[in-house]
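Work out the full structure, taking the sequences as your base and the hints as a guide.
Protein chains: 2
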Amino acid sequence: MRPERYVDLHMDDVISDLQTLIRQPSISAKNEGIEECAVLVGKILKSSGITSEILRLGKNAPPIVYGEIISKSNPDKTLLFYNHYDVQPAEPLELWDHLPFEAVRVGNKIFGRGATDDKGELITRIKAVSAYLKTVGDTPCNIKFVVEGEEEIGSPHMKKYLQRYEKKFSCDAIVWEFGYVDSKNRPIIGLGMKGLLFVELLVSESVRDAHSSLAVLIRNPAWRLVEALNTLVDAKGHILVKDWYKETRGFSKKELDIISSEPFDETAFKKEFGIKSFVGKKRGMDAKKALVGGATCNIAGIISGYTGIGAKTVLPRQALAKLDFRLIPGMNPERQVKRLRAHLKSKGFGDIQIRVFHGLAAARTQPTDPFVCNVVDAAEESFGSSILSVSNAGTGPMHPFVDVLGAPCISVGSTYIFSRIHSPNEFARIDLLKKTTKCMCKIMENFGKC
Amino acid sequence: MRPERYVDLHMDDVISDLQTLIRQPSISAKNEGIEECAVLVGKILKSSGITSEILRLGKNAPPIVYGEIISKSNPDKTLLFYNHYDVQPAEPLELWDHLPFEAVRVGNKIFGRGATDDKGELITRIKAVSAYLKTVGDTPCNIKFVVEGEEEIGSPHMKKYLQRYEKKFSCDAIVWEFGYVDSKNRPIIGLGMKGLLFVELLVSESVRDAHSSLAVLIRNPAWRLVEALNTLVDAKGHILVKDWYKETRGFSKKELDIISSEPFDETAFKKEFGIKSFVGKKRGMDAKKALVGGATCNIAGIISGYTGIGAKTVLPRQALAKLDFRLIPGMNPERQVKRLRAHLKSKGFGDIQIRVFHGLAAARTQPTDPFVCNVVDAAEESFGSSILSVSNAGTGPMHPFVDVLGAPCISVGSTYIFSRIHSPNEFARIDLLKKTTKCMCKIMENFGKC
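So the sequence lines, in the order shown, correspond to chains A and B.
Here the first sequence stands for residues 0 to 449, numbered as in numbering that gives the first Met the number 0.
Here the second sequence stands for residues 0 to 449, numbered as in numbering that gives the first Met the number 0.
Rather than coming from a laboratory, the hints here were simulated on the basis of the structure.
Quick caveat: nothing in here was measured; it's all calculated off a predicted structure.
Mixed in with the good hints there might be a few duds.
A pair holds if it fits inside one copy or across any two, identical chains being indistinguishable in the list.
The calculated lysine-lysine pairs, modelled on BS3-like cross-linking and capped at a C-alpha distance of 30 Å, are [unchecked claim]: (1) 275 <-> 346; (2) 311 <-> 241; (3) 280 <-> 183; (4) 288 <-> 269; (5) 269 <-> 346; (6) 346 <-> 270; (7) 337 <-> 235; (8) 235 <-> 311; (9) 235 <-> 245; (10) 235 <-> 344; (11) 45 <-> 448.
In C-alpha cells form, the structure reads like this:
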C-alpha cells in the first residue's frame, strides 16, 4: 500500500492523536503543562515507531523532544522536521465556543488552542513518517524531529540547543514548523523569513515631572525623542542610519521571477486596512518586493507624559519609544545595533538609552536549491497547486537553523490562513490535515530520491 | 481703632470662619457640596456686614456668590476681589494626617482641603472688609466680591458670567484670588499670567492595528506624528509656526528693570530638577525673561501602539499627541489655532485632526499702573518686603477679567509656596492669614486714597 493511501484510510488516528495532544495544555508563557506535554509528544513519537529522547539544556529551558528514524534504504540523507509543542495562552476564555483544551470536533474542524499552531502541524509530520513505517517498513531518508517548547515566547534557547546538539541535529534539509494555505486552498511555500531587531529608546531629562509652565527652561524629553526619531527614516520609510543596507544584496533574476508570479491583491489589501495608498506610494511589483524583501524601522510604541482623557499640562521627565526593525538577508542584528548607537551619537543624541530586546537575522533559502523542487512538486501533487514565496514578510527563528545546521529550510502550507491561530476558537481543518500529511509523505519521497 | 489693630485682636474669628468654610466640602470636579458652599459663603459675607447675592447663569453652571459694599465716603472707586469657593478633590485620602474636611488646627497651622486655596485667601479679603466696617464703619472705596465655584476645573463659565454681569462687576482694580509667599516670607506681587492653548493632534491611518511586518506597505501614524511634531519647534524651543509671534511685543524698560531685580536661584532650580542646563542654554537674564515672557510648545503627552513591558511588534492605527502652548500677551488663542492648522496643512499634514481643549489669552497689567504702587506699598508694610513680578510663568483666567472689566489685576502673596495646595495635608499658616488680612486692609486704604 502507498503511504498516502494509508493516510487516507487512517485519518481517525491523526484526529485522535491531535485531540490527545490538544487536551494536554502546554502554555509556555505561563509555564503550564510544558513538561507533561513534552513527555506526551515523546510517547506519541514512540507509538508511531519513532525513537524519541528528551533533551535538556539546563534548569530554565523547557526540554526539546527529539525523534529519529535511520533509513535502512537511504541512511546518508537526512530530513529534519522542526516543530513546537507549546501553545499561546487561551485567553480571553469567554470568547471560546468550546473549552480551549477540550479538542471538540465539529464536522471538518477540530477546535482548540494549538489545533493548528503547532500541534496540528506536528501531528501531520509524525503521521506521515508513521504511514511510511506501516506500509513500506522504512522511510525514504533519515528523519529527525526537533520539537521545542518555547516557540510562542520567542524561542530564547533554540540557538543554544542547536549549538549544543549540532551533531545530533545535523541534516540535509529542514521542513519549517508552519506554513499557510491561502483562501483559495493554495499552500504557500516559503523560502525565508525576515529578521527582527527590537529596541527601546529612552530619553530622560529631569528627576521628576514638572509643571509645563517650566518648559521655558526644562528640556522636554518627548521633544528630544521626536527629534531623534525623525533622523532615523525618511518619509518613504528608507532608513537613514549610515551603512544600514551595506551588506544587503538585491534580488536574483530567479527571485524576481518568483516575486512577479506571486499573487497579491492590492485592492483587497487596501480595503482590508482601509488605506488608500502604500508607504512611498509603492504599487505593483514594488509593493510585492517590499513585502518579500523590504527592511523597516517601525514605531511599535511611543509614550510620554499624560495620555489619559482631557488636558493635563505636564512636562514629563522621560519619553520612551519601542522600535522594531525588520532585517533582511545580510543584516546582522549586533552590527545594526552598533550602527544605530553610532547614528544617535553622531546626531547629538548620545544620551539616549538603547535597550535591545531581540535580535534575529533573516534567513533565506536559494530558489535554486534542489530541495525547493522536492517541496514544490510534493505540494502540487497533494494540494493541486502551490505558491512559491521568496520570503515571508514576518519573522521566525529560521536563521539559527540555517546558520548552525547549514541546510536549506522551507515552510510549506498546512495552516488555513483564517484558522484563528493565537485567537479564540482556533481550529484545524481535517481536509488540510490530510493533505498536509500526504504532502509530507511526498516530500520525504522526493527528497530521498534526489 | 485702626482696622489692622482690629485684625490683630480678632484672629479667632478669621480662624473659626475659615474652619467653618473648610468643613463644608465643595469639590467642583465631583459636583460635591457646591450649592451648599455657595450658600455658606453668602452667609459669611452677610454676617461680616457685606450685601450678598447668589448669581446664576443656567442649570449647568455653579452659582457665583456676589458681595458688595458701597462706600459712603468714596462711592466712585471700586475694588473687586476675585476668589473661588470650590476646592480640588482630597484624594489620596490615606495620605492625610487629619481628615481633609476636619479643619484641624495644630499650632500655627490649619489643615484641610482648601485651607489656603482658596478658602483661606477668601477669608482674608472678607475679614479685611469686616475689620473696616467694625472700626471705621465704612470702606475706603466700594468693594465687590466675585466668588466662583469652578476655578479648580478651569473656570469654564467665568467669561460668560463676566459678560452677563459686566455692569454689576464693573470696577477700577482687581485683586486676584491667589499669590505666593516665598520661602523667605516675601510676598510675590504678580502683574500677569500667561495664556494657554491645549490641543490634541490625532493621526489615523488604517482601520485597525496591523502586524508590524506590514510596515513595508502601511504607513505608521506614529511616524507621521513624529514628522509633523518635528516641524513645530526648533531645538531651542522657538516655535516655527508662521506668524506665531506676530502680535507680541518685547519687554518695556520698566518691565526689564523688574525682571532684572527679581530673585532667581538658577543653581537651586537646576538641582531641584536634576538638570545641567536650560533649554537653548539660556542663563541669567535670558532664563528670567523666559520664565516671565517665554512662549512654549510643550508635548504634555504622546502615545501610540504598545507601551507595556517588553516587546510587541505592532503597527498602530492611530497616534496621539497632547500639546500645551503657553501664550504671551498679544497671542489670541483662536488665531493661533488657525495658524497651527495652516502650518500642518502647508507641511503636508492636513489630515491630522486638531482638537482644541482650552484657549486662554495671557493678561498683564502695566507696571506703571498706579494700582501697582498701592499694592506694593501695602505688601511692604504688611510683610516687611515684597517681590514684584511682571508675570507668573503659569496660567490663570485673568484675561477675561482684565478684558471684560478693563481694570488692572494684581495677585499678591498670601499663600506660602510650600503649603501643599492640591496635595494631601494642605494647610494655611495663621501668621500669613493675619499678614494678608492686614495687607488687604492696606490695599483698600491706599487704593481709596489715590
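Against the structure, the hints:
In the homo-oligomer, the alpha carbons of residue 275 and residue 346 lie at most 30 Å apart only across protomers (20 Å), although the nearest pairing inside one protomer, at 34 Å, exceeds that limit. For a Cα distance limit of 30 Å, the shortest separation of residue 311 from residue 241 across copies, 26 Å, qualifies, whereas the shortest one inside one copy, 39 Å, does not. Within a single copy, residue 280 and residue 183 get their C-alpha atoms as close as 28 Å, which meets the 30 Å cut-off; across copies the closest is 63 Å, which misses it. In this homomeric assembly, residue 288 and residue 269 come within 30 Å of each other (Cα to Cα) only inside a single copy, at 17 Å, whereas the closest approach across copies is 52 Å.
Taking identical chains as interchangeable, the C-alpha atoms of residue 269 and residue 346 lie at most 30 Å apart only when they sit on different chains, with a minimum of 25 Å there against 36 Å within one chain. Taking CA atoms no more than 30 Å apart as the test, residue 346 paired with residue 270 passes between copies only; the shortest distance there is 27 Å, against 39 Å inside one copy. For the identical chains of this complex, residue 337 and residue 235 are neighbours both inside a copy (24 Å) and across copies (29 Å), given an alpha-carbon limit of 30 Å. For a Cα distance limit of 30 Å, the shortest separation of residue 235 from residue 311 across copies, 23 Å, qualifies, whereas the shortest one inside one copy, 34 Å, does not.
In the homo-oligomer, the alpha carbons of residue 235 and residue 245 lie at most 30 Å apart inside one protomer (19 Å), although the nearest pairing across protomers, at 35 Å, exceeds that limit. In the homo-oligomer, the alpha carbons of residue 235 and residue 344 lie at most 30 Å apart both inside one protomer (24 Å) and across protomers (19 Å), since each shortest distance falls under that limit. For the identical chains of this complex, residue 45 and residue 448 are intra-copy neighbours only, at 26 Å inside a copy versus 106 Å across copies, given an alpha-carbon limit of 30 Å.
Violated hints for the displayed structure: none, as all numbered hints are satisfied.
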